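K.L.:
One letter stands for each residue in the lines below.
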Amino acid sequence: GAGVSQSPSNKVTEKGKDVELRCDPISGHTALYWYRQSLGQGLEFLIYFQGNSAPDKSGLPSDRFSAERTGGSVSTLTIQRTQQEDSAVYLCASSPAPGGGYGYTFGSGTRLTVV
Amino acid sequence: QQQVKQSPQSLIVQKGGISIINCAYENTAFDYFPWYQQFPGKGPALLIAIRPDVSEKKEGRFTISFNKSAKQFSLHIMDSQPGDSATYFCAAGKVAAGNKLTFGGGTRVLVKP
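Top to bottom, those sequences are chains A and B.
So the first sequence is numbered by this note's numbering: it starts at 1 and just counts up by one.
So the second sequence is numbered by this note's numbering: it starts at 116 and just counts up by one.
It cannot be assumed that every hint is accurate.
[Claimed, not checked] Within a straight-line C-alpha distance of at most 30 Å, the following computed DSS-like cross-link-like pairs (lysine-lysine) qualify: (1) B/K173 / A/K11; (2) B/K227 / A/K57; (3) B/K227 / B/K183; (4) A/K57 / B/K120; (5) B/K173 / A/K57; (6) B/K173 / B/K130.
Calculated from the structure, these hints are not laboratory results.
Note that the coordinates shown come from a computational prediction; the quantities given were computed from them, not determined experimentally.
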């Protein structure tokens with residue numbers, strides 16, 4: 001597609017439930033990133049995928065968070081046993097290549113509300 | 116050492132005025148400094164970026180000034196327009212490390228007509 005697509009755009013879930021957030025990057029972009037944006041805050045890095053390399057998971061806040069990227073394209077971020085502090089906008093971005101200073105293209109995000 | 120500090124948190128400017136946003140970083144290994152613009156309900160969009168080998172970069176009404184020795188960089192929006200009203204984020208990254216970005220806290224800019 002023309003841009004980075006994220007689904008769902010909004011998700012309300014009960015505390016303790018698992019959620020899956022999906023990201024479709026721009027076709028041909030080899031690098032994919034997940035960030036979290038809490039209300040009125042900056043963006044917090046979560047995880048980075050590049051091609052077939054092992055992902056950089058250094059930003060994942062706890063073992064309740066995991067992500068995978070299938071076939072070098074679509075990525076899913078899974079949050080298990082959701083907590084109220086997980087409420088945020090989860091943003092996915094893709095880039096043509098990890099080096100060279102290429103800018104990211106972000107999706108519009110998934111707004112997650114844990115009640 | 117990974118922090119990027121951004122100021123001010125919010126800014127009100129009259130149409131035609133200059134908006135100035137400042138950022139400071141700590142990690143001297145950073146070598147890529149982009150600015151992103153975000154409108155409500157949308158993801159951030161890349162506005163302009165600079166590498167540390169230049170002190171200034173201009174694209175239209177947007178200019179980045181970069182001071183390597185002070186570990187500071189700033190965004191100037193000249194002739195600010197109501198359509199520039201948005202939240203602006205600075206960021207810093209290391210290209211060789213996958214360009215994973217550390218973001219500042221954001222500045223909400225309101226341009227009054």
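K.L.:
Hints first: check each against the structure and report whether it holds.
P.N.:
Against the structure, the hints come out as follows:
1. As the CA atoms of B/K173 and A/K11 are separated by approximately 40 Å, the hinted pair breaks the 30 Å bound.
2. Restraint check for B/K227 and A/K57: the C-alpha separation of about 42 Å exceeds 30 Å, so the hint is violated.
3. For a cut-off of 30 Å, the pair hint linking B/K227 to B/K183 is broken: about 33 Å separates their Cα positions.
4. Proximity of A/K57 to B/K120 is assessed by CA-CA distance (about 24 Å); at most 30 Å being required, the pair is judged to hold.
5. With a CA separation close to 35 Å, the supplied pair B/K173 and A/K57 exceeds the 30 Å bound.
6. The hinted pair formed by B/K173 and B/K130 meets the criterion: a straight-line CA distance of about 20 Å does not exceed 30 Å.
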